[in-house]
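Peer 1: Could you put the whole structure together from the sequences, leaning on the hints where they help?
Protein sequence lines, in the order shown, are assigned to chains A and B.
Following this note's numbering, the numbering of the first sequence begins with 1 at its first residue and continues without gaps.
Following this note's numbering, the numbering of the second sequence begins with 584 at its first residue and continues without gaps.
Keep in mind that the hints were calculated from the coordinates and are not lab data.
Misleading hints may appear alongside valid ones.
[As the list claims (entries may be wrong)] Quick list of in silico lysine to aspartate or glutamate cross-link-like pairs, EDC-like style, CA-CA up to 20 Å:
1. A:LYS332 / B:ASP637
2. B:LYS645 / A:GLU405
3. A:LYS358 / A:GLU225
4. A:LYS332 / B:GLU706
5. A:LYS206 / B:GLU641
6. B:LYS649 / A:ASP201
7. B:LYS655 / A:ASP201
8. A:LYS390 / A:ASP372
9. A:LYS206 / B:GLU593
10. A:LYS155 / B:GLU593
11. A:LYS427 / A:GLU405
[Unchecked claim] For each label pair, taking beta carbons as the anchor points, the in silico distance ranges come out as:
12. A:ILE53 / B:ILE726: 53 to 59 Å
13. B:GLY604 / A:GLN424: 38 to 44 Å
14. B:LYS585 / A:ILE53: 49 to 55 Å
Even for Gly, the Cβ is constructed at its ideal location relative to N, Cα and C.
Here is how the chains run, residue by residue.
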Amino acid sequence: MSSAVLEELQVRSRDDVNKAIKEEHLTGAQILLKALEKEGVEVIFGYPGGANIPIYDELYRTKNITHILTRHEQGAVHAADGYARATGKPGVCLATSGPGATNLVTGIANAYMDSIPLVAITGQVALGLLGRDSFQEADITGITTPITKYSYLVKDVRDLARIVHEAFHLATTGRPGPVLIDLPKDITVQKAEFKYPPELDLPGYKPRTMINAAQIGKAAQAILEAKRPVIFAGGGVINAGASKELLALATLTGAPVTYSLMGKGAFPDAHPQCLGMVGMHGTAYANYAVWESDLLIGLGVRFDDRVTGKLSTFASQAKVIHIDIDPAELGKNVVAHVPIAGDVKEALSELLKVLKAKGCNLDLASWRQKIDNWKREYPLRYEKSGNVIKPQYVIEQINEVTKGEAYIVTEVGQHQMWAAQYYQSSKPRTFFTSGGLGTMGFGLPAAMGVQMAHPEAVVFNIAGDGSIQMNSQEFATIVHNKLPINVAILNNHYLGMVRQWQELFFGKRYSHTDMTGQPDFVKLAEAYGAVGLRVEKPEDVRPALEEAAASPRAYILDFVVDESENVFPMVPAGASLNEMLGR
Amino acid sequence: MKHTLAVLVENRPGVLTRIAGLFARRGYNIDSLAVGRTDNPLISRMTIVVDGDDRVIEQVSKQLYKLIDVIKLTDITNDEYVDREMILIKVNADPAIRGEIMQIVEIFRARIVDIGRNSLIIEATGDEGKINAIESALRPFGIREVVRTGKIAMSRGPKHKNGKSQELL
Chain A
1 MSSAVLEELQ
11 VRSRDDVNKA
21 IKEEHLTGAQ
31 ILLKALEKEG
41 VEVIFGYPGG
51 ANIPIYDELY
61 RTKNITHILT
71 RHEQGAVHAA
81 DGYARATGKP
91 GVCLATSGPG
101 ATNLVTGIAN
111 AYMDSIPLVA
121 ITGQVALGLL
131 GRDSFQEADI
141 TGITTPITKY
151 SYLVKDVRDL
161 ARIVHEAFHL
171 ATTGRPGPVL
181 IDLPKDITVQ
191 KAEFKYPPEL
201 DLPGYKPRTM
211 INAAQIGKAA
221 QAILEAKRPV
231 IFAGGGVINA
241 GASKELLALA
251 TLTGAPVTYS
261 LMGKGAFPDA
271 HPQCLGMVGM
281 HGTAYANYAV
291 WESDLLIGLG
301 VRFDDRVTGK
311 LSTFASQAKV
321 IHIDIDPAEL
331 GKNVVAHVPI
341 AGDVKEALSE
351 LLKVLKAKGC
361 NLDLASWRQK
371 IDNWKREYPL
381 RYEKSGNVIK
391 PQYVIEQINE
401 VTKGEAYIVT
411 EVGQHQMWAA
421 QYYQSSKPRT
431 FFTSGGLGTM
441 GFGLPAAMGV
451 QMAHPEAVVF
461 NIAGDGSIQM
471 NSQEFATIVH
481 NKLPINVAIL
491 NNHYLGMVRQ
501 WQELFFGKRY
511 SHTDMTGQPD
521 FVKLAEAYGA
531 VGLRVEKPED
541 VRPALEEAAA
551 SPRAYILDFV
561 VDESENVFPM
571 VPAGASLNEM
581 LGR
Chain B
584 MKHTLAVLVE
594 NRPGVLTRIA
604 GLFARRGYNI
614 DSLAVGRTDN
624 PLISRMTIVV
634 DGDDRVIEQV
644 SKQLYKLIDV
654 IKLTDITNDE
664 YVDREMILIK
674 VNADPAIRGE
684 IMQIVEIFRA
694 RIVDIGRNSL
704 IIEATGDEGK
714 INAIESALRP
724 FGIREVVRTG
734 KIAMSRGPKH
744 KNGKSQELL
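Peer 2: Below, the structure is given as structure tokens:
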């Protein structure tokens, strides 16, 4: 063999060895994407920048994950949030370091408050530049510590696969929530062997799994003794997928059911036992029922101040059964006589078994009678008008046109409360709103996430003229991705909810709530390539909604509504639930 | 009332921030916090003294326990436990009065660990009462600097069988 041939063979085998090493060892970016695939991630909402280019370079190559380029990182995180709410699967968003990362903060806090599973991945400056106030550096793990379930700063590429695995586990188990992974740029290009750990080692993380049988017994006993029970369902019922069990409990006991804003959809609005929403803008009959109840069964709720009003008078005659997966919620705001830590679905299953075994036969006739009287006496109502569009009317029409089968997303404000009051939800994961943080600008990007999850569905984003301007850049994303989202703007030319407070509690001093200087929303729609319609007469509402719902194009419907309309009933902040205005 | 919590946490970066941040954010009153690693280098132990009524302490405990890095949390307030704090005091000590200070040091079974031209550094360990007592005994001489570790505490008797103490949740 000639020396030249020998040398060539050696070179070739060396190449083979190098190739083999390359195959085994992946870059951080490759590890990240491979791990995301293993977690079943199908779609990522994100925005590229200097620190995450290597990840985007890998995304360029991958075929298994769809990436949606939003126009703002806040759009990405809310879209991931909406996707998670619609599917129950964790939403994933990706941003670069510094401003990219900090633009996620509102959306992360939003997901945290509403217990939505989310994995936020941020680029970070290279490890050697960390802590030097480098270009586009922000301590995002530090910034997000109080608003995440956990946050990671990856310092060794060999930890990355494990961290991704842990992040998804943390985001989705126990009380769901957002988890952040901060990924320095050099980690994304360094190489390591891809090992996906089958077992997780989180000794401090023990989400409650066992339901305490004695507590279930006590709860059953309290239910059997109740004369005026009310079931109060929250977002935890939807997260746990416990709607069936909730319906079974309502049917078995005959107890009326009310819900928090986050619980909307957990129980069908059309059900005769349904009282609608409780709290500040709840129905009068829900508020009276809770006020006079002798047993309040709180399921996956956290007794937010928008629900309880004045804490010291909240359900003051009632024993409270409180079931929640997060033990820290038990007794946080309202003292529970029977606290039960655990998954609502499992706890309800156990409770139903015990109740059935004991022969649950409550006589609630007089309680039901009383509630029916309240329903007759104080229904949700507004003055109908033939000349001017009432915002409530638009919601009612959306309900009729879509037969209650649409996916409804809202922004935050008066329109949100009207949507909660007047839209009739029939099933969970069809009504999406920023409950805890109250984030204006949530709706439009969240609607993108919902529509990505359900491409064929009719999605309506019910918006105010204020909120829609907080993330309206996402119209570009919507049109570019051919998402047939319908935006119904209830345009009252005001920051309506603040205006309402100013009218009622600040002597009608409308300080900076007049939205003069709005864009022409029809032209805005057209500028982005969507369809825009302005609707000014009540009789035109329905045809416009029908056109939008039937069309595969994105629509912006600018409903010019009565400027002076307020949301009633209203429990003023800090007042008791029976002290309602405008009931 | 003051409660003493023994908290085992994972020895990871950011743990102290998470715990301190939790107290700050939720408005709990932290009295002292001492931290160091245990026999297992992967686990640190914190002794946290918190002031508050039962409701507050329950919330503190539950919220702490929620943190992913917290492995175990025990309220040892009502247990029999041994607690210690260490203090270093730099006190004015002209040669003329050193004898007097040394007597005090003797009484408290403390130690002098450094002598300067006009000052002494005294080291003492003991429970909070003793530490307070030695500090006030030395105050008349003029204290220049004080550093205290905060309380560390351990239940008496065998591990995992600490009387009435309850592992919370």
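Peer 1: Work down the list of hints and note, for each, if the structure agrees.
Peer 2: Going down the list of hints, with the structure as the test:
Taking the CA atoms of LYS332 of chain A and ASP637 of chain B, the gap is near 12 Å; set against the 20 Å cutoff, the hint holds. Our distance criterion of 20 Å between C-alpha atoms is broken by LYS645 of chain B and GLU405 of chain A, whose separation comes to about 40 Å. With a C-alpha separation of about 12 Å, the suggested pair LYS358 of chain A and GLU225 of chain A falls inside the 20 Å cut-off, and the hint holds. With a C-alpha separation of about 43 Å, the suggested pair LYS332 of chain A and GLU706 of chain B falls outside the 20 Å cut-off, and the hint is violated.
Distance restraint check for LYS206 of chain A and GLU641 of chain B: the Cα-Cα separation of roughly 18 Å lies within the 20 Å cut-off, and the hinted pair is therefore satisfied. The straight-line distance between the Cα atoms of LYS649 of chain B and ASP201 of chain A is roughly 16 Å, inside the 20 Å bound, and the hint therefore holds. Only pairs whose Cα atoms come within 20 Å are accepted, and LYS655 of chain B paired with ASP201 of chain A is accepted, the gap being roughly 15 Å. At most 20 Å may separate the alpha-carbon atoms for a hinted pair to count; LYS390 of chain A and ASP372 of chain A exceed this at roughly 27 Å.
For the suggested pair LYS206 of chain A and GLU593 of chain B, the alpha carbons sit about 14 Å apart, so the restraint of at most 20 Å is met. Restraint check for LYS155 of chain A and GLU593 of chain B: the C-alpha separation of about 17 Å stays at or below 20 Å, so the hint holds. A hinted pair counts as satisfied when its Cα atoms are at most 20 Å apart, and LYS427 of chain A with GLU405 of chain A qualifies at roughly 9 Å. As the Cβ distance of ILE53 of chain A to ILE726 of chain B is approximately 57 Å, the hint placing it in 53 to 59 Å holds.
A C-beta distance of roughly 42 Å is found between GLY604 of chain B and GLN424 of chain A, which places it inside the suggested range of 38 to 44 Å. Distance hint check: the CB atoms of LYS585 of chain B and ILE53 of chain A are about 53 Å apart, consistent with the given range 49 to 55 Å.
The structure does not agree with the numbered hints 2, 4 and 8 stated previously, though it agrees with the rest.
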